[in-house]
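Q: Sequence:
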Amino acid sequence: MNLFKFSLQEKCQRKIILLKNDDLIEIFIPSVGLFSRFTMLSLIFLIFPAYLINFFILSLPNQNPRFFTPVIIFNLLISIIAIAVILLSEFSQKRLSITRKKISWTYEIFSLKIKDPFPASIPSIIRIAKVQHSWNRYFLEIWAGRKLYELSTGEFSPFAVTKPELDLVAKELSNWIELTLLQD
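Residues -5 to 178 in our numbering are what the sequence shown lists, from first letter to last.
Read the hints as simulated data drawn from the structure, not as lab findings. None of these values were measured; they are calculated from a predicted model. Hints are supplied without guarantee of correctness; some may be wrong.
DSSO-like, lysine-lysine: derived pairs with alpha carbons at most 30 angstroms apart [claimed, not checked]:
no.	residue 1	residue 2
1	K141	K88
2	K109	K124
3	K124	K95
4	K141	K14
5	K109	K14
6	K95	K109
7	K95	K141
8	K14	K107
9	K9	K165
10	K165	K95
11	K95	K14
12	K9	K157
13	K14	K124
14	K95	K9
15	K14	K96
16	K107	K165
17	K95	K157
18	K141	K107
19	K141	K9
20	K96	K141
21	K165	K124
Start from the sequences, fold in the hints, and give me the full structure.
A: What follows is the structure, encoded as structure tokens:
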């Protein structure tokens, strides 16, 4: 089995790993990390409304004990979601697996794997394109029939890649699938 491993490392110590042989190509994309814009904005939009609701409930003049149960449940729910955002942004990874038969995503956190329920077949791949939607956001789009597999350099994506990483993945995928890479 001939296996090639490419790794790109940026200043922020993120690595994208590309494993390739004749029958398989896999791309491992780590999450963006705790101090990314995605994580910070997610936590701000979770915590700030919860803080306002708590402040409003506690400032009511006639506090009825019936109000405290929903507030405690709401705070517990927001806390669980915030912990999930932190865990996902720090410890998860996304894997794009392409074999000679199918293409699929897998999300992994610790040992839990969430697989793509409907992987696409390789003969249905009709287009690989590198697209620029705005001045600093690039996307690698893999169209398999009507299904879109996408890698992004956007700052608000939990699995963003850098532009050199996107260029490397685009070139390797184009060569492996033997389709021309389109530049939009």
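Q: Hints numbered earlier in the text: which of these fail when held up against the supplied structure?
A: Failing hints: none at all.
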